[in-house]
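Sequences and hints are given; from them, build the entire structure.
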Amino acid sequence: MTSLNTRPNIDGPDDFYAELLALHEGLSKAESDALNARLILILANHIGDRDVLREAMQAAARAGEKPASNG
Amino acid sequence: MTKIFETPLYPYRRSADQDARTPVRHPVVVIGAGPVGMAAAIDLARHDVPVVILDDNDKVSYGSRAICFAKRPLEILDRLGCGEPMVRKGVTWNTGKVFFGDEETYRFNLLPESGHKRPAFINLQQYHFEAYMVQRIRELQEEGRPIEIRGRNAVSALAEHDDHVRLEIDTPEGPYNIEAEWLIACDGAGSSTRRMLGLDFVGKVFEDNFLIADVIMEADFPPERWFWFDPPFNRGQSALLHKQPDNLWRIDFQIGWNIDREEELKEENIRRRLHAMLGEDAKFELEWTSIYTFQCRRMESFRKGRVLFAGDAAHQVSPFGARGANSGLQDTDNLAWKLRLVMEGKAPESLLDSYSSERIHGADENILNSTRSTEFITPKSEISRIFRDAVLDLAREHEFARPLVNSGRLSVPCTYDGSPLNGPDCPELPRRTRPGSPAPDAPIANGWLLDRLGDRFQLLVFAVNAPERLEDGGIEVETIRLDPDASPELRERYLGEADGAVYLMRPDQHVAARWRHFDEAAVIAALRKATGRE
Numbered sequence: 001m002t003s004l005n006t007r008p009n010i011d012g013p014d015d016f017y018a019e020l021l022a023l024h025e026g027l028s029k030a031e032s033d034a035l036n037a038r039l040i041l042i043l044a045n046h047i048g049d050r051d052v053l054r055e056a057m058q059a060a061a062r063a064g065e066k067p068a069s070n071g
Numbered sequence: 001m002t003k004i005f006e007t008p009l010y011p012y013r014r015s016a017d018q019d020a021r022t023p024v025r026h027p028v029v030v031i032g033a034g035p036v037g038m039a040a041a042i043d044l045a046r047h048d049v050p051v052v053i054l055d056d057n058d059k060v061s062y063g064s065r066a067i068c069f070a071k072r073p074l075e076i077l078d079r080l081g082c083g084e085p086m087v088r089k090g091v092t093w094n095t096g097k098v099f100f101g102d103e104e105t106y107r108f109n110l111l112p113e114s115g116h117k118r119p120a121f122i123n124l125q126q127y128h129f130e131a132y133m134v135q136r137i138r139e140l141q142e143e144g145r146p147i148e149i150r151g152r153n154a155v156s157a158l159a160e161h162d163d164h165v166r167l168e169i170d171t172p173e174g175p176y177n178i179e180a181e182w183l184i185a186c187d188g189a190g191s192s193t194r195r196m197l198g199l200d201f202v203g204k205v206f207e208d209n210f211l212i213a214d215v216i217m218e219a220d221f222p223p224e225r226w227f228w229f230d231p232p233f234n235r236g237q238s239a240l241l242h243k244q245p246d247n248l249w250r251i252d253f254q255i256g257w258n259i260d261r262e263e264e265l266k267e268e269n270i271r272r273r274l275h276a277m278l279g280e281d282a283k284f285e286l287e288w289t290s291i292y293t294f295q296c297r298r299m300e301s302f303r304k305g306r307v308l309f310a311g312d313a314a315h316q317v318s319p320f321g322a323r324g325a326n327s328g329l330q331d332t333d334n335l336a337w338k339l340r341l342v343m344e345g346k347a348p349e350s351l352l353d354s355y356s357s358e359r360i361h362g363a364d365e366n367i368l369n370s371t372r373s374t375e376f377i378t379p380k381s382e383i384s385r386i387f388r389d390a391v392l393d394l395a396r397e398h399e400f401a402r403p404l405v406n407s408g409r410l411s412v413p414c415t416y417d418g419s420p421l422n423g424p425d426c427p428e429l430p431r432r433t434r435p436g437s438p439a440p441d442a443p444i445a446n447g448w449l450l451d452r453l454g455d456r457f458q459l460l461v462f463a464v465n466a467p468e469r470l471e472d473g474g475i476e477v478e479t480i481r482l483d484p485d486a487s488p489e490l491r492e493r494y495l496g497e498a499d500g501a502v503y504l505m506r507p508d509q510h511v512a513a514r515w516r517h518f519d520e521a522a523v524i525a526a527l528r529k530a531t532g533r534e
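Protein chains in written order, with our numbering: chain A, 1 to 71; chain B, 1 to 534.
Hints were generated in silico from the structure; no laboratory data involved. Ideal Cβ placement from N, Cα and C applies to all residues, glycine included. Honestly, I wouldn't trust all of these hints.
As the list claims (entries may be wrong) - 30 Å max Cα-Cα, derived DSS-like pairs, lysine-lysine: (1) K266(B) / K29(A); (2) K243(B) / K89(B); (3) K204(B) / K304(B); (4) K266(B) / K380(B); (5) K380(B) / K66(A); (6) K283(B) / K266(B).
To be verified - Each pair of labels, with its calculated beta carbon distance range: (7) E160(B) / I40(A): 50 to 56 Å; (8) Q58(A) / R528(B): 43 to 49 Å; (9) G64(A) / E399(B): 44 to 50 Å; (10) S28(A) / E399(B): 25 to 31 Å; (11) D200(B) / L4(A): 56 to 62 Å; (12) G64(A) / E113(B): 41 to 47 Å; (13) L4(A) / V464(B): 45 to 51 Å; (14) G64(A) / N269(B): 56 to 62 Å; (15) P420(B) / I40(A): 38 to 44 Å; (16) P13(A) / R235(B): 40 to 46 Å; (17) D499(B) / Q58(A): 25 to 31 Å; (18) I40(A) / N465(B): 57 to 63 Å; (19) Q58(A) / G203(B): 38 to 44 Å.
Okay, here's the thing in structure tokens:
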């Protein structure tokens, strides 16, 4: 079984990041949201493996959780 | 012209029971003469189990209502002897089109699998469907079968006893009482039987309304299912067009939650909607209009003592995917043979609990599927609408997104995986015919496999030795020998790579158990398991 690759895997990370932001340039919030949704679906289909997709969803959810604090 | 659904088909007639000194006891009483109640009664009466159907009305369904009947229910109707006229009358369709906004996004073909007697679906108005069933009941009566249908007999009270249920019935000539050893409640989503017994019916309410218009028109649209997301004539909502026999077209408009029902149902307003969709010049006649809302819910158990619930009375789903009447017919298919064995004393009453557990398995699958369709069709949050629209935008160009489009996953029968009635499996054999599965049809010498199956336990024997018949505890098993090469579909569906096989089939054409070789002791043990006798 393959598992989610969370090690650096993108060649030219700064270029990729700039491309991702450029894609959204000039778009309204609604247009950006729609674009993101389409992009997620395209990438998810490319990955295909349900276990990897589930791991990715969990990783994304976890990273958004607030860290536990004592006060 | 008076329409079929305005003519009393089983008008009230005084029954001798109304003049009896003490309440007459009947072996089986069915409440509700809809598709499900009539199917239950026909199934039992064909085997000479006396059955009385009570209905508070005397006509078939008002308006087309359920219109889409799937292959498995058609196979069940064939067993009951009324599939043929329905398929002849019905509209067979294979192509679906999906529109998003102004454009056609894609079209699909149901690509019917070869080697089945019946098509994947037919469209047929519920009133025609019910009229054919009433006709079948009349035929059975002429053959002397013990079946009776009493119109305008409304059950007003029930009392449960150890060995029977007592019913109080209102008629145009006043009330009377009868007793039923077994009561089958097929009185719909608003089941008064369920209410009188104080049973819960909980689930999820969907906050949406749908307007149905049945339109008679000469139109050159092909017999296809057209589904619109966010069309120009119904912005932000959905719509459906489906052909029925007799130039009748079913049109559904999603119209949202906060509406003025009375206003929406005014003919001029419905006509305005239809002209926006069909064009200003379209000429049509309205046959029936209605607004519906829906819920997805089911009972905790489909059996309460001597009362058995079937169809919408037991479970309710959204209409997307045609799982209402279709699953109700599968309920009675499951119930009739079990009830018969229990009544004949050949199986313990506990066999009826497997009716509940197996059909709850089916109902949960239907509720899951129809809930998912509903979420797609009527997204309830901003993000779910964003993803829904993203899928539809991608589907136009990208094949991968099309399986994600969900305008209703059309009804397929469930496999009773994990049922307590299932016997041993043989993993070498094809997965689709594992224990619990409905037998897939296939061509055999001089006909179709399913025309040979049902109504009794049977042993399907493919290229191995087995006796002509078996018997255990008064239950007979008929042997049917089949040539594995009668058709490629038969081999593929029942043998795969294996040279031979033995299948024990239930009276409802479901697989009970299967083996590579015949072993009498194993078959008898599986028969006992399938009849709740172990």
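A quick look at each hint next to the structure:
1. Proximity of K266(B) to K29(A) is assessed by CA-CA distance (about 40 Å); at most 30 Å being required, the pair is judged violated.
2. Between K243(B) and K89(B) the alpha-carbon distance is near 12 Å, which keeps this suggested pair within the 30 Å criterion.
3. Between K204(B) and K304(B) the CA atoms are separated by roughly 23 Å; this keeps the pair inside 30 Å, and the hint holds.
4. Among the hinted pairs, K266(B) with K380(B) is consistent with the structure: their alpha-carbon atoms are about 28 Å apart, no more than 30 Å.
5. Distance check on the hinted pair: K380(B) and K66(A) sit about 26 Å apart at the alpha-carbon level, within 30 Å; holds.
6. With a CA separation close to 18 Å, the supplied pair K283(B) and K266(B) stays within the 30 Å bound.
7. The beta-carbon spacing between E160(B) and I40(A), approximately 55 Å, falls within the hinted interval of 50 to 56 Å.
8. Checked against the given bound of 43 to 49 Å, the beta carbons of Q58(A) and R528(B), roughly 46 Å apart, stay inside it.
9. Distance hint check: the CB atoms of G64(A) and E399(B) are about 32 Å apart, inconsistent with the given range 44 to 50 Å.
10. Take S28(A) and E399(B): their Cβ atoms lie about 29 Å apart, and the range 25 to 31 Å holds.
11. The beta-carbon spacing between D200(B) and L4(A), approximately 43 Å, falls outside the hinted interval of 56 to 62 Å.
12. Checked against the hint of 41 to 47 Å, the C-beta distance between G64(A) and E113(B) comes to roughly 45 Å, which is consistent with it.
13. Range check, L4(A) to V464(B): Cβ separation about 49 Å, and the 45 to 51 Å hint holds.
14. Between G64(A) and N269(B) the beta carbons are some 46 Å apart, a value that contradicts the proposed interval 56 to 62 Å.
15. At about 42 Å, the beta-carbon gap between P420(B) and I40(A) stays in the expected band of 38 to 44 Å.
16. At roughly 43 Å, the beta carbons of P13(A) and R235(B) sit within the given window of 40 to 46 Å.
17. Taking the beta carbon of each, D499(B) and Q58(A) are about 47 Å apart, not inside 25 to 31 Å as hinted.
18. Separation of I40(A) from N465(B) is about 58 Å and conforms to the stated range, judged on CB atoms against 57 to 63 Å.
19. For Q58(A) and G203(B), the Cβ-Cβ distance of about 29 Å falls outside the hinted range of 38 to 44 Å, so the restraint is violated.
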